[in-house]
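In UniProt numbering, the protein residues as written are 1 to 216.
Read the hints as simulated data drawn from the structure, not as lab findings.
Glycine residues also receive a C-beta, built at the ideal position from the N, C-alpha and C atoms.
Warning: the hint list may mix true and false statements.
[Said to hold, decoys possible] Distance ranges between label pairs, derived from CB positions:
1) Thr58 - Ala146: 20 to 28 Å
2) Glu145 - Gln191: 27 to 35 Å
3) Asn21 - Ile154: 37 to 45 Å
[As the list claims (entries may be wrong)] Calculated lysine-lysine pairs in the PhoX-like style (CA-CA distance at most 25 Å, straight line):
4) Lys61 - Lys206
5) Lys44 - Lys194
6) Lys61 - Lys209
7) Lys157 - Lys125
8) Lys157 - Lys46
9) Lys157 - Lys206
10) Lys193 - Lys209
11) Lys61 - Lys78
12) Lys44 - Lys193
13) Lys61 - Lys44
14) Lys25 - Lys44
15) Lys206 - Lys78
16) Lys174 - Lys157
17) Lys193 - Lys157
18) Lys125 - Lys194
19) Lys174 - Lys125
20) Lys61 - Lys193
21) Lys25 - Lys46
22) Lys209 - Lys194
23) Lys174 - Lys193
24) Lys209 - Lys174
25) Lys46 - Lys61
26) Lys174 - Lys78
27) Lys174 - Lys194
28) Lys78 - Lys209
29) Lys193 - Lys125
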Amino acid sequence: MIAVITADLIDSSLYSRTLLNNVLKVLNAEFDNVQQECPNDDLKFKIYRGDSFQGVTTNLKLALQIALRLKSCLNKIKVEREEEVSRVDAKFAIGIGSFDFKAATLAESNGQAFQFSGRTLDEMKNDTRRIRLKTTSENINAEFEASLFLLDAIMEKWSRASAEVVYYLLLEMKETEIAEALSISQSAVNQRKKACGWEAISVLLKRFKTTVAETF
1 MIAVITADLI DSSLYSRTLL NNVLKVLNAE FDNVQQECPN DDLKFKIYRG
51 DSFQGVTTNL KLALQIALRL KSCLNKIKVE REEEVSRVDA KFAIGIGSFD
101 FKAATLAESN GQAFQFSGRT LDEMKNDTRR IRLKTTSENI NAEFEASLFL
151 LDAIMEKWSR ASAEVVYYLL LEMKETEIAE ALSISQSAVN QRKKACGWEA
201 ISVLLKRFKT TVAETF
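Construct all of the structure, not just a fragment, from the sequences and the given hints.
Below you can see the structure in the form of structure tokens.
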């Protein structure tokens with residue numbers, strides 16, 4: 001069993017070349033970071049078509065956390081006033097299932113997880129959803145269809161400052177460490193932590209990890 005995370009940048013056709021290059025640079029750097037932090041995991045990420053990316057992990061429990069980490073990483077990118085978009089964002093589809101054909105590249109690989117992730121992302125193209133999940137378990141699908149819908153509502157209210165704090169919280173850093181990294185006070189970190197809905201997000205992440213571990 002594997003988890004496949006497939007994502008499309010939102011309104012990337014409106015990005016200036018400078019912004020798009022910066023986004024791709026940030027994504028590639030984050031892919032390297034995630035892969036280095038999980039040396040025992042067969043974790044791979046690849047950008048394709050210039051505005052989409054896909055990753056595979058055998059650590060199913062971390063799939064949602066990785067997706068949120070990539071989303072917060074994008075949301076915290078500074079967008080200049082002359083840009084036609086207000087922030088950088090993406091739609092994420094997580095598929096959990098079998099890995100039926102492992103090829104030399106992600107684009108050539110196939111299986112349940114790839115199909116679940118790709119088809120779910122296709123279904124999201126004409127709606128406002130930002131993150132969805134499809135697995136072999138209908139019970140899990142039903143539970144997280146509802147909870148991830150609520151997560152969408154929380155994430156929609158993130159400011160760039162909130163996304164910065166979420167990113168570091170997903171790295172499991174303490175408030176004092178985040179304050180030092182952002183050169184702000186610990187109280188400011190705490191305020192942003194509350195504003196981004198971190199308490200609810202952390203409960204959801206724990207629930208996801210527990211449910212996935214018990215099911216798969």
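Hint check:
In this structure the supplied range 20 to 28 Å holds for Thr58 paired with Ala146, their Cβ-Cβ distance being about 27 Å. About 32 Å separates the C-beta atoms of Glu145 and Gln191, a value consistent with the hinted range of 27 to 35 Å. The hint said 37 to 45 Å for the Cβ distance between Asn21 and Ile154, and at roughly 30 Å that hint is violated. A C-alpha spacing of about 9 Å is found between Lys61 and Lys206, which places the hinted pair at or below 25 Å, so the restraint holds.
A distance of roughly 33 Å separates the Cα atoms of Lys44 and Lys194; the hinted pair therefore is violated under the 25 Å criterion. Distance hint between Lys61 and Lys209 is fulfilled; the C-alpha atoms sit about 5 Å from each other, no more than 25 Å. With a C-alpha separation of about 21 Å, the suggested pair Lys157 and Lys125 falls inside the 25 Å cut-off, and the hint holds. Taking the CA atoms of Lys157 and Lys46, the gap is about 28 Å. The hint is violated against a cut of 25 Å.
Pair hint Lys157 plus Lys206 holds up; C-alpha atoms about 22 Å apart against a cutoff of 25 Å. Annotation: proposed proximity of Lys193 to Lys209 holds, straight-line Cα distance about 21 Å (limit 25 Å). Between Lys61 and Lys78 the alpha-carbon distance is near 30 Å, which puts this suggested pair outside the 25 Å criterion. About 30 Å separates the Cα atoms of Lys44 and Lys193, which puts this hinted pair outside 25 Å; it is violated.
Between Lys61 and Lys44 the alpha-carbon distance is near 16 Å, which keeps this suggested pair within the 25 Å criterion. At roughly 16 Å between alpha-carbon atoms, Lys25 and Lys44 fall within 25 Å of each other, so this suggested pair holds. The straight-line distance between the Cα atoms of Lys206 and Lys78 is roughly 30 Å, outside the 25 Å bound, and the hint therefore fails. As the CA atoms of Lys174 and Lys157 are separated by approximately 23 Å, the hinted pair is consistent with the 25 Å bound.
Straight-line distance between C-alpha atoms of Lys193 and Lys157 comes to about 13 Å, which keeps the hinted pair within the 25 Å bound. Between the alpha carbons of Lys125 and Lys194 the distance comes to roughly 31 Å, so the proposed pair goes past 25 Å and is violated. Of the pairs offered as hints, the one joining Lys174 and Lys125 is violated, with about 36 Å between alpha carbons and a cut-off of 25 Å exceeded. About 23 Å separates the Cα atoms of Lys61 and Lys193, which keeps this hinted pair within 25 Å; it holds.
Of the supplied pair hints, the one linking Lys25 and Lys46 holds, its CA atoms being roughly 12 Å apart against a limit of 25 Å. A C-alpha spacing of about 22 Å is found between Lys209 and Lys194, which places the hinted pair at or below 25 Å, so the restraint holds. Restraint check for Lys174 and Lys193: the C-alpha separation of about 11 Å stays at or below 25 Å, so the hint holds. In summary, the hint linking Lys209 to Lys174 is supported, as the alpha carbons are separated by about 21 Å, within the 25 Å threshold.
Straight-line distance between C-alpha atoms of Lys46 and Lys61 comes to about 21 Å, which keeps the hinted pair within the 25 Å bound. Proximity of Lys174 to Lys78 is assessed by CA-CA distance (about 24 Å); at most 25 Å being required, the pair is judged to hold. Taking the CA atoms of Lys174 and Lys194, the gap is about 14 Å. The hint holds against a cut of 25 Å. For a cut-off of 25 Å, the pair hint linking Lys78 to Lys209 is broken: about 31 Å separates their Cα positions.
A hinted pair counts as satisfied when its Cα atoms are at most 25 Å apart, and Lys193 with Lys125 does not qualify at roughly 30 Å.
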